[in-house]
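**Q** Order-wise, the sequence lines are chains A and B. Heads up, my numbering is the position in the first sequence plus 63, with the first residue counted as 1. Heads up, my numbering is the position in the second sequence plus 2, with the first residue counted as 1.
Treat the hints as calculated values from the structure; they're not laboratory data. All of these numbers come straight from a predicted model, not from anything done at the bench. Among the hints, a few may not be true.
Straight line, CA to CA, 25 Å or less: simulated DSS-like cross-link-like pairs of lysine-lysine [stated by the list, open to error]: (1) A:K173 to A:K203; (2) A:K219 to A:K189; (3) B:K70 to A:K203; (4) A:K219 to A:K173; (5) A:K203 to B:K44; (6) A:K220 to A:K105; (7) A:K203 to A:K220; (8) A:K203 to A:K105; (9) A:K219 to B:K53; (10) A:K189 to B:K53; (11) A:K189 to A:K220; (12) A:K220 to B:K47; (13) B:K70 to B:K53; (14) A:K189 to A:K203.
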Amino acid sequence: MDNQNMLQVSVRVHPQDFSVADEYALLACDNQDGAVVNFVGKVRDFNDGSAVTDLTLEHYPGMTESVLLQISQQAGERWPLNKVTIIHRVGSLALGEQIVFIGVTSAHRKAAFAACEFLIDFLKTKAPFWKREAGDTGLKWVEARDSDQQAANIWKK
Amino acid sequence: MIQVLFFAQIRELLGTANVEHTADNIDTAEALRVALAATDDKWAKVLASDKLLVAINQTMSQWDSPVKDGDEVAFFPPVTGG
């Protein structure tokens, strides 16, 4: 069997919120999958020592979607996956709101866990999104973190 | 012409999201960066950032990657999504 051809990928970039329950139901509908791993990233209250009240997410339309499709295909080449869903919101987001959803299904848990972590690590270092936080120190573009690049580099081994 | 796009801090600091630039004498991303930086002191400073990234036709590229007439070239800072 060719896992790459079987992989079903759904990539969505939009301002609207998403329902984890709805996404889980779509991912979990195949009985061949014994494992479903979901990751949700949220707007948190503190970043680099300053309070955050909300943030704005800018992206590069077109390139964003193509990068997310590429990393999904890469994950499908590394692990025997059946479904990958990536949703990333853009625009204005308030404290506590959901930003990103990554869902992965596989026959077994190890592939699903690894692929989900690979996808968020690569999304954070390769997909053209930029966050600007608003908070007690005014507006501030979020700085890229070396720790995120180091996390993505681990997968190059 | 080359379609040039700017995102995030780069767009904000330059005060523009996109410009058109002639493809004459432009053979690489670095040549385009240098030509744009010659606009004035502000552009020179913003486009000199050692963390600046470049994408050619929506694919992450290197500074010595070829650029030709009709290409879309984007300059932006390190990405911070997720």
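**Q** None of the hints should be skipped; say for each whether it holds.
**A** Structure-based check of all given hints:
About 38 Å separates the Cα atoms of K173 of chain A and K203 of chain A, which puts this hinted pair outside 25 Å; it is violated. The hinted pair formed by K219 of chain A and K189 of chain A meets the criterion: a straight-line CA distance of about 13 Å does not exceed 25 Å. For a cut-off of 25 Å, the pair hint linking K70 of chain B to K203 of chain A is broken: about 35 Å separates their Cα positions. Among the hinted pairs, K219 of chain A with K173 of chain A is consistent with the structure: their alpha-carbon atoms are about 18 Å apart, no more than 25 Å.
Between K203 of chain A and K44 of chain B, the direct Cα distance comes to roughly 20 Å. Compliance with the 25 Å bound is thereby established for this hinted pair. Simply put, K220 of chain A and K105 of chain A have alpha-carbon atoms about 29 Å apart, too far for the 25 Å limit, and the pair is violated. For the proposed pair K203 of chain A and K220 of chain A, the alpha carbon gap of about 34 Å is over 25 Å, so the pair is violated. Straight-line distance between C-alpha atoms of K203 of chain A and K105 of chain A comes to about 18 Å, which keeps the hinted pair within the 25 Å bound.
Only pairs whose Cα atoms come within 25 Å are accepted, and K219 of chain A paired with K53 of chain B is accepted, the gap being roughly 21 Å. With a CA separation close to 14 Å, the supplied pair K189 of chain A and K53 of chain B stays within the 25 Å bound. A distance of roughly 17 Å separates the Cα atoms of K189 of chain A and K220 of chain A; the hinted pair therefore holds under the 25 Å criterion. Restraint check: the Cα-Cα separation between K220 of chain A and K47 of chain B comes to about 37 Å, which exceeds 25 Å; the hinted pair is violated.
Between the alpha carbons of K70 of chain B and K53 of chain B the distance comes to roughly 24 Å, so the proposed pair stays at or under 25 Å and holds. Between K189 of chain A and K203 of chain A, the direct Cα distance comes to roughly 21 Å. Compliance with the 25 Å bound is thereby established for this hinted pair.
Hint compliance for this structure: hints 1, 3, 6, 7 and 12 are not met, and every other hint is.
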